[in-house]
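Given only the sequences and the hints, what does the whole structure look like? Please build it.
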Amino acid sequence: MPSFSREILSRFDTAQLLSYSIFMFAGGVVGDTFDQRKILTVTYLGMALWYLLQGFTGIFGIESQAYFYIVFILIGGFNSLLLPIYVSIMGNWFSKKNRGFIISLWATTNNLGNIIGIQLGSALLKLFN
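Our numbering applies: residue 159 is where the sequence shown begins, and numbers increase by one.
I should point out that these hints are in silico values taken from the structure, not numbers from a laboratory. Do not take every clue at face value.
[As the list claims (entries may be wrong)] In the DMTMM-like style, the derived pairs of lysine to aspartate or glutamate whose C-alpha atoms are separated by at most 25 Å in a straight line are:
hint: 1; residue 1: 254; residue 2: 193
hint: 2; residue 1: 284; residue 2: 190
hint: 3; residue 1: 284; residue 2: 165
hint: 4; residue 1: 255; residue 2: 190
hint: 5; residue 1: 254; residue 2: 165
[What the hints assert, rightly or not] Pair ranges (Cβ atoms, derived):
hint: 6; residue 1: 241; residue 2: 276; range: 17 to 27 Å
hint: 7; residue 1: 214; residue 2: 275; range: 33 to 43 Å
hint: 8; residue 1: 269; residue 2: 169; range: 18 to 28 Å
Just so you know, even glycine gets a beta-carbon here, dropped at the ideal spot from N, CA and C.
Put into structure tokens, the structure is as follows:
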């Protein structure tokens with residue numbers, strides 16, 4: 159990734175999270191309307207494609223901010239389809255008695271993974287320059 163300032167990087171994050179929140183409204187409708195397995199497959203393929211295109215920036219020396227905005231917005235859009243479908247699937251797996259506990263545990267581990275991932279990434283950057 160080119161050396162962008164922190165301000166520009168935060169704008170990329172904002173673009174991704176804004177598109178995530180906007181497309182989240184449609185995510186629930188799409189998950190309820192279509193086959194959830196097919197939607198998950200398309201979503202994961204789409205996310206893999208956009209993360210791959212994000213990784214190509216280092217290989218091909220792409221430094222266009224517009225390119226990064228487009229990639230981050232589409233990552234957020236595809237990512238927004240996952241949460242409603244996961245909640246629906248997990249709701250079907252567990253009984254009503256345990257459903258709240260299981261979903262809260264699942265949601266907590268997601269945030270814990272983000273915290274650990276950021277710390278691990280920071281440590282690796284310091285270790286390997």
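Hints, verified against the model:
1. 254 to 193: holds, 23 Å
2. 284 to 190: violated, 45 Å
3. 284 to 165: With Cα atoms ~22 Å apart, residue 284 and residue 165 stay inside 25 Å; holds.
4. 255 to 190: Holds - the C-alpha atoms of residue 190 and residue 255 are around 23 Å apart, at most 25 Å.
5. 254 to 165: At roughly 45 Å apart (the allowed maximum being 25 Å), residue 165 and residue 254 break the hint.
6. 241 to 276: 17 to 27 Å: holds, 20 Å
7. 214 to 275: 33 to 43 Å: violated, 22 Å
8. 269 to 169: 18 to 28 Å: holds, 23 Å
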